[in-house]
Structure formats: C-alpha cells, structure tokens
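Spelled out, the chains give:
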Amino acid sequence: MPAEQPQEAAAPVEVQAEGEGEGKPKPKAKKEEDAPPRKNGLIETEYAKRGAHLDVQINPDQVVSAAEFLDGEGMTLEMVTGVDWIKENQFEVIYDYSYTGGQLLRVVVRARVDRNKPDIATVCHIFGGANWHERETWELLGINFVGHPQLEHFLLPEDADFFPLRKDFKP
Amino acid sequence: MNELIRLLAYMLGIAAFLGLNLAYLGWVERKGAGHFQRRTGPKEVGPYGLLQPLADGLKLMSKQLVVPTNADRPLYMCAPILIMVPSVLLFVAIPFGEHLVPREFNFGLIMMFAFASMAGLSILIGGWGSGNKYSLIAGTRAVSQNVAYEIPMLITAINIVLITGSLDLNEIVRQQGSYIWNWNVFRLDKSILMPVSFLVFFICSLAETNRTPFDLGECEGELVAGYHTEYGGMGFGLFMMAEYANLVIGCSLTTVLFLGGWQCPFGLFPGPHWFLLKMYFLIWCFVWIRWTYPRTTFWGLLNLSWKYLIPFSLVNLLLTALFIKVF
Amino acid sequence: MSGYFKEIITGLKSLAIGLQITNKEFFTKPITLQYPHESVKMTPRYRGHIELVKDPQTGTHRCIACGMCEKGCPTGCITVQAEKREGVKGKVLTAYILNFTTCSLCGQCVENCKPEAINFSNEYNLASTRREDYIFNLLQKLHPEGVPEPEIDPELLKKEREKKEAAKKEPAKKAAAKEGGESKAEEKS
Amino acid sequence: MSSLAQSQLRETFELNIGPQHPATHGVLRIKVVMDGEYIVRAEPILGYIHRMHEKMGENRTWNQFWPNMGRLDYLSAIAYNHCYACLVERAMGIEVPERAEYIRVITAELNRIQSHLLGFGAYIMDLGGFTPLMYAMDEREQILDLLESVTGSRLTYCYFRFGGVYNDIDDDFITGTRAFIKRFRPQIPMYHKLVTGNVILMDRLNGVGPISADLCRKYGATGPVLRGSGVNFDVRRNEPYGVYPELDFDIPVYHECDSMARYMVRMDEMVQSCRIIENALNKLPEGPVMAEKVPKALKPPKGDFHFAVEAARGTFSMRTVSDGTNTSYRMRLRSPTYSNVSLFEEASRGMLLSDALAFLGSLDPVIPEMDR
Chain A
860 MPAEQPQEAA
870 APVEVQAEGE
880 GEGKPKPKAK
890 KEEDAPPRKN
900 GLIETEYAKR
910 GAHLDVQINP
920 DQVVSAAEFL
930 DGEGMTLEMV
940 TGVDWIKENQ
950 FEVIYDYSYT
960 GGQLLRVVVR
970 ARVDRNKPDI
980 ATVCHIFGGA
990 NWHERETWEL
1000 LGINFVGHPQ
1010 LEHFLLPEDA
1020 DFFPLRKDFK
1030 P
Chain B
826 MNELIRLLAY
836 MLGIAAFLGL
846 NLAYLGWVER
856 KGAGHFQRRT
866 GPKEVGPYGL
876 LQPLADGLKL
886 MSKQLVVPTN
896 ADRPLYMCAP
906 ILIMVPSVLL
916 FVAIPFGEHL
926 VPREFNFGLI
936 MMFAFASMAG
946 LSILIGGWGS
956 GNKYSLIAGT
966 RAVSQNVAYE
976 IPMLITAINI
986 VLITGSLDLN
996 EIVRQQGSYI
1006 WNWNVFRLDK
1016 SILMPVSFLV
1026 FFICSLAETN
1036 RTPFDLGECE
1046 GELVAGYHTE
1056 YGGMGFGLFM
1066 MAEYANLVIG
1076 CSLTTVLFLG
1086 GWQCPFGLFP
1096 GPHWFLLKMY
1106 FLIWCFVWIR
1116 WTYPRTTFWG
1126 LLNLSWKYLI
1136 PFSLVNLLLT
1146 ALFIKVF
Chain C
2 MSGYFKEIIT
12 GLKSLAIGLQ
22 ITNKEFFTKP
32 ITLQYPHESV
42 KMTPRYRGHI
52 ELVKDPQTGT
62 HRCIACGMCE
72 KGCPTGCITV
82 QAEKREGVKG
92 KVLTAYILNF
102 TTCSLCGQCV
112 ENCKPEAINF
122 SNEYNLASTR
132 REDYIFNLLQ
142 KLHPEGVPEP
152 EIDPELLKKE
162 REKKEAAKKE
172 PAKKAAAKEG
182 GESKAEEKS
Chain D
3 MSSLAQSQLR
13 ETFELNIGPQ
23 HPATHGVLRI
33 KVVMDGEYIV
43 RAEPILGYIH
53 RMHEKMGENR
63 TWNQFWPNMG
73 RLDYLSAIAY
83 NHCYACLVER
93 AMGIEVPERA
103 EYIRVITAEL
113 NRIQSHLLGF
123 GAYIMDLGGF
133 TPLMYAMDER
143 EQILDLLESV
153 TGSRLTYCYF
163 RFGGVYNDID
173 DDFITGTRAF
183 IKRFRPQIPM
193 YHKLVTGNVI
203 LMDRLNGVGP
213 ISADLCRKYG
223 ATGPVLRGSG
233 VNFDVRRNEP
243 YGVYPELDFD
253 IPVYHECDSM
263 ARYMVRMDEM
273 VQSCRIIENA
283 LNKLPEGPVM
293 AEKVPKALKP
303 PKGDFHFAVE
313 AARGTFSMRT
323 VSDGTNTSYR
333 MRLRSPTYSN
343 VSLFEEASRG
353 MLLSDALAFL
363 GSLDPVIPEM
373 DR
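Residue numbers (this note's numbering), protein chains in the order written: chain A, 860 to 1030; chain B, 826 to 1152; chain C, 2 to 190; chain D, 3 to 374.
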C-alpha cells in the first residue's frame, strides 16, 4: 500500500510533463460523449463503471516513458489491446496496467497511431510479458511494434498475410 | 543322450513358463493398477479379462512393421530381438527347485550379471537406431542408469559370495538353511547390515529392470515413450515382453540371493512352489511400487546411487569381510 | 551425519506411507461404472440436444414458428420451416431442423422461446460415424408416426375465404401478395 | 545452471516438444535447443488451437457470445462465465439479485476445486505417478455430477446470464454439495501423505523452476504462480467482485518461489474453496435468481469496460470496447495461462529437460485458453 499513494499523486504530474509538446493537457477532462476525438490527458474514471481508476491517453512516442514510469511504481502490464478505429483511420493501442502489490489500482494507457503507418514503440524490454501481447497485436491487427525482437507469426499460420481483427478484413 | 533330452524338456518348460509369465504379468499389472486406482482393470475380454493378453498379442502381431525413414534399419530391427535374447537365456541358470535347475553352472551369478547388462546395450541400440531424438536421449539415459546401478548391485552380490563362498546359484540357496533366520536377508551373524543390503539390492533391481520410479528410459511424461517411441507392432511387443522377462529374472535373482530360493521359511516341504511364491510376491511389490510413486529425475537417481546405495553396500561389504574373518 | 540418516529414515517412511495408502485403496471397492452394461440416471436438467415439447393438452408441439430460436442461435444451427395454411391461425410448422454438429448447447434458443415450445432432451447416447445422423428434424422426432394435421377453425376459414374473395376484386394487389409469399416460402426451404 | 549449457563450443540440437506430447496437456509446442540434457533455449510456440474468439466477439451479439466463455479454459469455465456476466452487467449497470450472486460463487468455487484437482492429478502424472490422477478424477467426477445437476453440462458450462443465472439451485444440490465437501475434506490430507510427503516428489519439485516475484510482475503472471512467489494477490480479495467480500477465506501464499510452492498453493486453494462454499451455502438467501429488467437485445453504452476475475489459473480479465450496438466493437480476452507461460522461455534457461517439464506442469497451462 505505501506504493499506492505516490502513484496517485505522481501520475498526473507525469502526464503533464509528457504532454507538454501536445499543448495543455486537461486532467479531469469531461467524459467525451461528443464526436471529436479525445484529447491527450488523464481522466479519473469511476472504477465501478469502467473497471479502471485512471485512464491516460498519450502520444505513441510516449508509451515507453509511460511504461518505464509505471514499472518504477511496481505496476504490472496486464495486457495490450489493439483497436481498429476505421472511421477515424486510426489504431488505438491500450495498455492495461494493474498493481499486484497491495491496494488495487488499474491504469489504462492508450495511444493512437495512424492507420496507414501504424508504428509504435515496443515496451517489451521493460515488461517481458509485453512480448507475446505485442506480437499478437501485430499479428491480428498489423500494428508494427518498432524494436520488438520477434515479430513473427504466433497464433496464425506462418503464411497468413491478413490481419483478421481489422475491420476491413473479409474472410 | 539323457542330458540332451533333459535339456530339451527344460527348454520347452522354460518357454512355456516364460510365455505364460510374459502374457499374464501384463494382465496382473493392469489389473493391479486398476484396483490400486479405484478402477477394475481389464474386464471385458473373458472372465476377469483373462483373455486380454491374447487379444493384445493378436493385435500387436497383426500390425504392420513400419521402419521410420530416419532409422538405422539393421539396428532398428535387431534391437528388440537383442533385448529379448539375454533375458530368455538367463533362465538357464535359475534354480527353481533343488533339482529343478536347467543347468547348474558353478559361475551362475557371474553369468547372470554378464547377460543382464546386455539389456542396457540393446536399449541404446534401439534408441540410436530409431533415429528419434527422444529415443536417443532415452538410450543414453538407460545406459548411464545401468552403469550407475550395477556397481552397488555387484557389491551387494559380492557380499553373498563372501558369505557362501560360491558363485553357483543353487549352492547359494542350499547354504541358506531351511528356516527364515538362515536366509541371507536375516544373516545378522554375518553382517548386521544384511537387511539393508537386501534393500539396496531390491532398489537396484528396480533400476536395473527400468521400472518406476526409475523408468527414466521410457518416462512417458518427458520422452513420449523413450527408447520404444518409434516401435510399433511386435517390435514394441518384444520390448514389453523383455521388460517382464527382466522383471522375472530380477525377482528370481533377489529370491535366490536373499530370500532362500526354494527353501521353506519353516523347514517344511522345500520346493519350487516356495520359489515361485517368493518371486511373485516380489513382482507384486514391483507392481505396487510402480502404481504408487512418481518418477525420479536422472539427478535424483545418480544421487541415490552415489550418496546412499554405494556407501551402504561398501560398508556392508567391509562388515561382512570383518565378521567372516573374526568369527 | 545425523542429518544424513534422518533424511534416509524420513524418506523411507514417506515411501512406506505411500504404499500403505495404495494398499488400502486396493482393497476398497472400485468405483467404476461399467458403462454399456449399466448407466447413470441423467439429471432432469441435463442438456442434450433440444427437442420440441409435447403439450399435454393438444398432444402436439407449441411452436408458433416465430423464428426467435433461429435468430438467437450463435452458430445458426436451427432452421425453422413453416407455411401459412388456410383456416389455421398463425403459421404451421412443417419442419424443425437442428444441425447438432454445430450446436453448442448454450440454451439461447430455449430461453428465447416465448411459448416454451423447445426444451433440452435427456438423450446422451448419441454416437455415429456419419455426419448426417446429427441433422435432426425435431418435428419428426416428436411425431415419429406422422405429424398430425392442424385443426381447421371453420370460422377462421370462412373469414379467410371471404377475404380472398374480396381480394379477388383487386387482382393486381393479390398477385403481388402471392408472389411475395411464395418467394418467402422458397427462401425458407 | 551448468557451465556446459552456457558454453558456445558445445554442440546443440533442437528438440520439438509437442504439439503432440504427453507433458504439454494439449497442443502446445515448445521448440527446445538442448545441450545434452540441458536446455539452452526453450521457445513456446502457440496457435495450434487458435479459434479467434476475439473476432467471434465482434460478430456475435452479446448473448450469442455466451457459449464461447465455456470453451476458453474448459477446466474453469464458470469463472469465465462470471467474468463475462459481470463485464456486461458493469457496462449496462444491471443489478444482480443476491441469491444469484451466491449461486455464482458456489458454482465458481466448485469449478475451481475441480480444475485444481485435475491440475494436481495431471501434474503428478507428468512426474510419473499415475495413481493420484485417478483418485483426483474420482473426486472430480462428483463435482461434475453436482454441477451437471444445476447447469446441465459437465465441462463447457454456459450457465450464467446477464443479471443472474440460468436456473436456480435446488435442495438436492445443496445437500449434495455439503456431502461432497464432507467427503472431500479428508481426501486432501490423503493426497498430501501419498504425494506431497513423498521423498521422490519432494526431490523433484523443491527448488525446481524458481520464479522471483519481480519476474512474475514483469511477465504479468498471476494466480497460483504469483502466489507461489510470495505475492499476496488474489482478485477475489484485492479487487472483490460478487459476494466474495462477505465470505470468509484465506489466500494461501508460499514464499519458496519453486514448483513445490505453486503446487502447494493449488492444494491449499482447494481447502479454501471448500470453506467459501460452506460459507456461501450457510448465507444463501432466498429470492429470485434473475434480475427483472434485462433487455433481450442488449446495447451497452459507448466506451470501453474492463472486468477481472480470479480463474483457476490466475487473473482472467476482459476488456470490451462497445460502440453502442448489439455486438461489441472489440472484445479482448486476457487469459492467465498466456502470461504465465510467456515467462517459461526466460525461466527455463539452463534447466534439465525433466526439470523444465516439471516446471511447465507447475504453471498448469490449459492450451485452448492460451490460444483462444
């Protein structure tokens, strides 16, 4: 539990520091119901409704520093999810972090990349477990994790040249 | 001429005895396993599943012999035969009764050990010849296992030779008197460690026959089926039969060396029935152990051999020598 | 050194305990049930393949061919075939085809069924080497000796005939309606 | 670790363990580079039973996705049911009646015992002891009978529904469960005597396959693997769902970090599950088992939702992205074995082959759940 308190306090700071290039981040931004895409920044979400305490959106080039920071806080990378937002022509990569050392804390880190050039830095040198998750995300969605040691076919056959989870995939 | 007829009769007898044993030990094992595991074991073929071995044999024989592409053909083909031959041969020296010995050798014990160690070689041949990596690992394992176990086994056997002063198996039995305290297990007057010696020999024969917990050569959890992974049909059948033949030999030898062979525990009616009783009891123990324990690792096995069995057998050898010299 | 002997003794003891346990089990009665000779009683909630429920009042099924089961099925293993008959209220079920090879026994169909016309059967002895054996016509299963004809309601028949005659006066409309109905029936079959 | 294994001069060979191999419990393939009996590198290769459940989640309606939850981890399917039910209930804001919550916990814990029993038996069979598997199967059959009498199926349960459970439990089930627990309790000391205390087994498991707590954290390992490494984390306690906060149980934690610790965590969890079940049966309230107002055509609001439960093998969590239609936009399933086995490559380096397989067994993988 001691690690819990600094985490809560530190996270907004981190995001602000990272979001500087992106303009003013808005912590506690309103939950977006509207069409325009969500701005980078931190939202405190209601755990009972969403299943996460903190929701952070960052630039794709910030995922490594975010992972480093959360690793320093003793958090675990639970899973990496890719979402194909075909309308916005974007991929979203969602990192779910959780804390296993005591009181519960779930942090969602999300980053959006361009769908035409889906490059995002890998975090598997920080979290070994990210290796398989990123490999799977690459395989099923075609998001390229730059610096990943082994982007080979994993769940699909070796000769698969399609990305089944893309929304424009036709079997 | 008489001798020739006698030998022929014995050969037939051994063949019958062996055939029956090989078939029905499999049945005993499966039935035993069933009951140890709250099951019933074979039941459908014949009364109590007694015809199961026949059905199994027919099935194995009717199968096509397939030689894998990677196999070393001559070695692959001869390994099952090579493993079977010495185990059959060894029955020649076993004294079933005082006068029921196919052939009395005055070096029976040496012959036993000489041929018994052939099994390891044929397993290696089978493992190598199969051209399968699992088989190869199993083959090397089996050989190093045999090497590790023959040392304490031989040392314990030397004990007996020291006590009896003979290598003739029948003579060894004869010298163990017709009462239970005269058996070599309980010959505390020769060495107080004799029961331990028996235990060492028993464990060694477990390892020698590649039975659980020492079935490293064929541990199905790691090496699929070990040295006989690539064998099917009667090739596999011969390996299975050789395992049971070795089992019979190992238990017979233990009976002869430690449990007084055909001698009766109370001095009544000595004869082959006592021998068979003791041997089958030992076999039953083997089955019982197999269905109780998990398998050791290779390290565990070598540890056991070098840390416990060899020191104990050496100490026992010294003690025996001392006792014989002093008393 | 004492540790060495202690190790041996505890080790041997543990081995002896193991042998004791298996020995005890050896003499207890086996729990095996010799399956083909004897079998367990199925619990009433056992989920076999679905079946049409026989309504004790009418002696036949309750299916109104609404197709909710077909829609709710995740694997699309149900096909309901029905037709409109003269003088009968609603649609008449002609075949209820279940492709059991793809059924996952989830129960969505049973839950979706408003008139509670389908239920899980208790049948578990299904074994075959042919795929076609698992494509059941549940209606036939319910009435193996032939499906009874639905009762014709004379009043309804009269009304329908009247309607038809009224429709006859507008031939264009009628033709269109008939065509639509036919094509629909074709689709189903 | 031997110096041989590290030396570059030695000749190595490749061994394919699987996809059909007795020790992998399914179609997992491990490509092993071996130096004699030592493992230089072991790389798990997945995908032999990949069925793309995540894509199915995008194509099927929320209700139609139910049967998929029974086919991920077929050994603890009810925990998966639980996760999916709670996930959609969280998204929709459905309140579940108290009785249904208790039934969920009871069945999930029975399922957990069943899963651990098979895990225990199969693990010992990997190590060469066949008999404990049969004893475990005996107990397991009784649980399956109990669960069958409620859920209707024996393995791939599809029992939970949004807002409750499919049908109510009856008195037969309650008395049967109590009788089972009464009978099962003394069996565990028997297992310990027969298996755990056995010197051969101790020799094989003690100190084999050490995983530090930090390695677990880096790889996201959860469940008995994490608790065997001395981390007191259990979703049932740390992120309580259902009625777990009202029930009385302990989380077994072992600090040895080896295969034995993981094995012991599973054995102790069975005892704790018994406690939970008894406790829940005592507190079981009367009432309905389905929420009253559950729409037939579910359309959860836009946004993404996450839910985690403690399945038998660790944290199973789902993240779903909903776009407000009757299917999910993205369904992500995070299976515990996937993360647990991902550390195999790093942790098995330099091990003996037999130790590595003992280690793999202690992770208790279920392949369909890994491949999804």
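Please note: incorrect hints may appear among the correct ones.
Straight-line alpha carbon distances no greater than 30 Å define the calculated DSSO-like cross-link-like pairs of lysine-lysine that follow [claimed, not checked]:
#1 D/K57 to A/K898
#2 A/K976 to A/K908
#3 A/K946 to D/K301
#4 A/K908 to D/K195
#5 A/K946 to C/K72
#6 C/K14 to B/K1132
#7 A/K908 to D/K184
#8 C/K25 to D/K57
#9 D/K184 to C/K92
#10 A/K1026 to D/K184
#11 D/K33 to C/K72
#12 D/K301 to C/K42
#13 D/K298 to A/K898
#14 D/K301 to C/K14
#15 B/K1132 to C/K72
#16 D/K301 to C/K72
#17 D/K184 to A/K946
#18 D/K184 to A/K976
#19 C/K115 to D/K298
#20 C/K25 to D/K304
The set of hints was computed from the structure by calculation and includes no laboratory data.
Hint-by-hint comparison with the structure:
no. : hint              : verdict
1   : D/K57 to A/K898   : holds, 28 Å
2   : A/K976 to A/K908  : violated, 34 Å
3   : A/K946 to D/K301  : holds, 20 Å
4   : A/K908 to D/K195  : violated, 47 Å
5   : A/K946 to C/K72   : holds, 29 Å
6   : C/K14 to B/K1132  : holds, 18 Å
7   : A/K908 to D/K184  : violated, 40 Å
8   : C/K25 to D/K57    : violated, 52 Å
9   : D/K184 to C/K92   : violated, 54 Å
10  : A/K1026 to D/K184 : violated, 53 Å
11  : D/K33 to C/K72    : violated, 45 Å
12  : D/K301 to C/K42   : violated, 41 Å
13  : D/K298 to A/K898  : violated, 35 Å
14  : D/K301 to C/K14   : violated, 63 Å
15  : B/K1132 to C/K72  : violated, 71 Å
16  : D/K301 to C/K72   : holds, 17 Å
17  : D/K184 to A/K946  : violated, 59 Å
18  : D/K184 to A/K976  : violated, 61 Å
19  : C/K115 to D/K298  : holds, 12 Å
20  : C/K25 to D/K304   : violated, 61 Å
Checked against the numbered hints given earlier, this structure breaks hints 2, 4, 7, 8, 9, 10, 11, 12, 13, 14, 15, 17, 18 and 20; the rest are met.
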